[in-house]
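Just so you know, the sequences run in chain order A and B.
Counting in our numbering, the first sequence runs from 1 upward without gaps.
Counting in our numbering, the second sequence runs from 1 upward without gaps.
These are calculated hints, taken from the structure and not from any lab test.
Any given hint might turn out to be false.
[Said to hold, decoys possible] Sample of chain B residues facing chain A (criterion: CB under 7 Å; computed from the structure):
id : residue
1  : Ile16
2  : Asp17
3  : Ala42
4  : Gly56
5  : Gly71
6  : Ala75
7  : Tyr84
8  : Ser102
9  : Ile103
For every residue, glycine included, the Cβ atom is placed at its ideal position computed from N, Cα and C.
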Amino acid sequence: MSEQIKNNDLKPLTQWVNLQQPLAFDDYCQVGGYQGAKVALLQHQPNEVLDIVKNSGLKGRGGAGFPTGMKWSFVPMFAEGDEDAPDNKYLVANADEMEPGTFKDRLLLEGAPHQLVEAMIIAAYTIGANKAYIFLRGEYHLAAKRLQQAIDEAYQNNWLGENIQATKFCLDLYVHSSAGRYICGEETALINALEGKRANPRAKPPFPQVSGLFGKPTIVNNVETLCNLPHILKNGIEWFQGIAPNSDAGSKIYGACGRVKTPGLWELPMGATLREVLYQHAGGMQDGLQFRGLLPGGASTDFLVAEHLDTPMDYDSIAKVGSRLGTGGLIVLDDKNCPVAMVLNLLRFFAQESCGWCTPCRDGTPWAVEVLARIEHGKGKKEDLDTLEKLCDFMWIGKTHCALAPGAVEPLRSALKYFHDDFLQHIEHGCCHYDPASIAKRKQVSQSHNHLNNTSNSSMAGQ
Amino acid sequence: MNKQETVMQTIDTLTIDYQHYLTTAEITAIEHEASIMETREAAGIEALKVVQDHRGWVSDESLFAISDLLGVPTAQLEGVATFYNLIYRQPVGQYVIHLCDSIACHLTGLDGVLSAIKQHLNIEYGQTTKDGKFTLLSNACLGSCDKAPAMMIGREHYQHLTPESAVEILQQLAAHGEADE
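Pulled out of the complex, with its shape left as it was, chain A reads as follows:
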């Protein structure tokens, strides 16, 4: 039993997850649910909860890793009856999970919907928001249904609506189901989408914390980030930091996909090494395949290779070796899949999902796709590699409103670095050497060329 408790203490986020049948309100309360919200609303003032979250060291799990408490602290707070106070503030849970290779929030949304509802009550109370939205990606139909059930139950039990648990705090919570567009995960694009506008990202400043949804102070937090709150409030800062004493605070849901033996998700103390996730949890590569490299946190992170496998998966450590923790979902490349084709697939995604607002992104991403496709299909030239390098600069940070184009650059520039030989071979051999059909075709062509060259005694061979 004590083993069980200890184990659950280290896996706060997933201990209540049940994908078959998520815990209904009563069952959720029985295992300790809504206790964190009780602590927040009944024992603390909002500024005290803010201090707890600040001091906990919680960082955003959506990819950027920004300290959550600090983000909240930019929201202007007003005394009761202050004439300058805005008539509302908003809290939005970013559940628009669409980063290729990322499926962690889906687990929390489908498996423990009450946990997110409880978390949003705590967050909304802290920043003084009376209206909150869950911005859910359109494809997550099951999550939409289960979240609505949890919300309905929370209303029935006075955890949402007027005077929650006999306090002065009121909160309405709604699910907004989107219609499929990656850029809506960017917080200012998400706000435009919620306002019913075309979801282009906004220029900052003003930051959403000051002027966001409908021009009012708004906090947008990732689902996994929010889900930490009930546990921090219930168990305290020391417990939270004790989960991973030598790393960023708390646990992290890591994942792995690609041709590994057991792809999946695992909640581990923050700072588990890449090797631990890849070999202990994902079981290593499938039989007959060798490890080539991986993207540590979704499509928009830099490739890492074998020499980096002992790196702890926390924000600073992964940054030190030249990538980003991102969403913590490994996308693993094996030795029978072509790295050029992989990068082509990734860039196609970014080109398709670019909103088209900024020129470097709108024009740069399809340009990179065109060049990569040429190389992959054996029609590339050496100069194409220079073009790709130039595009990496053209689309880098500071040249666009949001991080989509820089996100596209990350796998591209790192692939050019770590898989340079593969790019060269594609160009030199005029084919993809991972595709037997393409090699065979190429051989046939070159043989017939040689034959022609020999018979005419031409000196064209090699051109």
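For chain A, the structure is supplied; the task is to place chain B on it using the hints.
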């Protein structure tokens, strides 16, 4: 009538009274969405989804009717409608296949599944079968990366696809559809 007047007249005719075009069920659902948002324009995307749920796709007429109901300029609504992958601005088949073409599916056998589906239905991406049963579209990452390759048809997600299992699913849907008729 000079040229300019013709243009003016054309624009004038492009309004549709929502009460004559949308059903009561559609109007009720859209009004509910509008009631939980701060502005009527914020219900635009939900309104498009409501109409699409009832009619299968969003026609020009539907767009004008929603524009009339919400008081949102048609151009703005069209900007929203064309922005999203899950809003169909052209007629689609009874079943729309959203085949995930993102990286996890690419690494685990998407190519074979795609070829099998194309061959079975004799269509390319963006096309609908002659019998109007299936439309084939690609979809950005469906979040089934540990169970790749994956596709979504309607509200159902299908995972661990092989070329054979994908075709089998389509055959079952086709048979089911026929039984309904």
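Hints versus structure:
| no. | hint | verdict |
| --- | --- | --- |
| 1 | Ile16 | violated (19 Å) |
| 2 | Asp17 | violated (21 Å) |
| 3 | Ala42 | holds (4 Å) |
| 4 | Gly56 | violated (15 Å) |
| 5 | Gly71 | violated (11 Å) |
| 6 | Ala75 | violated (10 Å) |
| 7 | Tyr84 | holds (4 Å) |
| 8 | Ser102 | holds (4 Å) |
| 9 | Ile103 | holds (5 Å) |
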